[in-house]
Amino acid sequence: MKHLLGIGELDRGELEQILDLAASFAEVQRRPIPKVPALRGKTVVLAFFEDSTRTRTSFDLAARRLSADVVNFSASSSSTNKGESLRDTVETIAAMGVDAVIVRHASSGAPHRIAAWTDASVINAGDGWHQHPTQALLDSYTMLERFGSLDGRKVAICGDIQHSRVARSNVEAFTKLGAEVVLIGPRTLLPPSLDGWPVKIEPDLDAVLPDLDAVYLLRIQQERLSQGLFPSIREYRARYGLTRSRAERLRSDALIMHPGPMNRGVEIDPEVAGDPRCVVLDQVSAGVPVRMAVLFRLLGPDAAAASIAAAAAEAEAASDGAGDTGEGQVG
Amino acid sequence: MTRIAITGGIVLDASGERRTDVVVDDATGRITTIGDGAQADRTLDAEGCHVVPGFVDLHAQLRQPGNEAAETVASGSRAAALGGFTAVVAMPNTTPCMDSAAVVSEVLDHARGALCEVKPSAAITVGQAGQTLSPIGELVDLGVRMFTDDGTGVQDAQMMRRALEYAGSMVTDEGGPVVLSQHCEVTALSQGGVMHEGAWSSRLGLAGQPAEAEELMVARDIALSRLTGVRVHLQHLSTAGSVALVRAAKAEGHPVTAEATPHHFSLTDAACASYDPVFKVYPPLRTAGDVEAIRNGLRDGTIDAIATDHAPHTPDSKELPFDKAPPGVLGLESAFALANTELDLPLADLVTLLSTSPARIAGLSDRHGGPIEVGRPANLAVVDLDHVWTIDRAQQASRSSNTPFHGREVRGKVRHTMYQGEPVVIDGMAVR
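Protein chains in written order, with this note's numbering: chain U, 789 to 1119; chain G, 15 to 446.
Just so you know, the hints here were simulated from the structure itself, not pulled from any lab data.
Fair warning: there could be bad hints in the mix.
Said to hold, decoys possible - What follows is a list of derived Cβ distance ranges for each label pair: (1) U:A882 / G:L203: 53 to 63 Å; (2) G:G80 / U:G1016: 27 to 37 Å; (3) U:Q1009 / G:L359: 47 to 57 Å; (4) G:L203 / U:R1027: 55 to 65 Å.
For every residue, glycine included, the Cβ atom is placed at its ideal position computed from N, Cα and C.
Next up, chain U with everything else stripped away, as it sits in the complex (with noise of 0.2 Å):
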């Protein structure tokens, strides 16, 4: 594996390995010193075109904790602004010697493009509408932590379907990994064509609510509104909403899930953010394992063949050597 482009290369079992291996670096996340050397003498780049603070934070500690060094390129910084080619400035990155660029684009296939450009591995960390493959992958392992096995499971996605990456990676990893996929969303927020799409499509959130094992919102733009893609906030709410009344028809055992920064009062209540079945923040806690297993198995030693044995023993003897380079990192 080379780079990480998208749900779509991976089958089942290489998203189960990963998850594995997400699962043991959990276990490091939970020691005093939180650290392994594995990646010590890499250099990442985390090439951020557009902004975003949480998978940013994310990546960054993720890369630190498996000692990595790391530099932050930030777009708003960069020559990107005067007109320069994207094959400029990444061959620019690159000559500087860098082991995997991270690359979060406004453009859908940008990292794709960057791939092709440079001998580093490149990471999506989010292009466009397209893929968002550690957001997918993040949120598959917080569902397996509550269920064991998607196998059977019926998850239903909802909202702004056409414009979310999140969604395209989510659509592919949960089904890989055996759920069954619900869609819910007006016409004008899904895809024009869901054609080989594993999906249902389910016009009414009503319809489906007690039957879910998961409820997965998706953040609404303001910018949708004036697209003149839904009347108002306020009939979205009314129909596509996780409501307080509609959060009580959903089953005791069901999760609420969300990528973040949630709307409240828009796709999600208030009350039901703080409802004890919303896994908002156990999301964010598993981004940043998921986000070390991705790095270990594209650039730890071994990395073509990483197994969950070596993964363990490598987290297992790196524990008690962390202490010489493990202070400082964590914030």
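On the provided structure of chain U, position chain G as indicated by the hints.
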């Protein structure tokens, strides 16, 4: 005076084919003899090849003035000659736009000494902005015969009606008509779309342009041609629905002509899965069903002409994410080979699509499009139908290299091109 004989080839034009030599006089630029054994000072070997009327492209961006880093009239006409074209209609979307006598005159100046005839078209509206008619009469007097707001299309139906009526009332020196050529796209519906809207755009997370954005304007312009009685030419048809609309309009006798590009009969939207903007073009690459419909439209005469929509872009401008890169692909150097490889049509039909019909539409029939007979201007292509070669972006005469066909094996190559009696391409090499 030098007499040049094209020897050993099979001469093919609308009247049929025969094995004979063709002798031209480079001083007059005309054919002097058709028949074997005529005296000549020089020969061009055409053994195993066909001698056909030079091709005519109704649709090429030569980028001059304004973007000479991507193409110039000189480099674009060289690419055209290598593709067997003896005339290209230059699109007006230059910088500044070809909407005035000054800019058209500049292009005509550059065209002198070019390796093929460069026939400027001009904008229908000032700045292609859709608000005010260009000085159509003044431009007709300069020799412009095709007007187009290529790149956007005239959005306002009333403006298009007036343009048709006004241009339709122009009187030309040769007595032929002026033609309005439309880029069919209702931008209110295509807005923001960077590829064909469908299964691929949905998967790739790219905004799409629905086929209907093109078809609505095709339908509208057919209605306007019916209303005004003035001929409209529809550029680069790309959808099955557009082909069906044009077929029906022609059956009803409306004065409509249409063109299609090699990329729209050879590539589908699946190519965009690489996110390589070399496959970004407007109208976008469509589905396999659309490709089949375009091919059928070319085979049954619904679509009159193959036009390239040659659109050079510098490498750096395509080294951007798919949605940010400019649309457009190269076409001049590969059009004949792709038509010969993909369409499964006899050469006589390819000559109709690449030469005779576009020459008629562009008002160039007095000197392009055949027939090949004594006294006619010697604008000829010599093609080898069996020559198999691989398209290579590094081997383009165009100043740009954005061919979507890089690495594709094709059959059929232009061996020689003769423009006004001068051999401008000899054995696949441009003479200057």
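So, going through the hints one by one against the coordinates:
In this structure, A882 of chain U and L203 of chain G break the distance hint of 53 to 63 Å, their C-beta atoms being roughly 41 Å apart. Distance hint for G80 of chain G and G1016 of chain U: a CB-CB separation of about 36 Å, consistent with the stated range 27 to 37 Å. Checked against the hint of 47 to 57 Å, the C-beta distance between Q1009 of chain U and L359 of chain G comes to roughly 50 Å, which is consistent with it. In this structure, L203 of chain G and R1027 of chain U break the distance hint of 55 to 65 Å, their C-beta atoms being roughly 26 Å apart.
Violation of the numbered hints given earlier is confined to hints 1 and 4; the remaining hints are satisfied by the structure.
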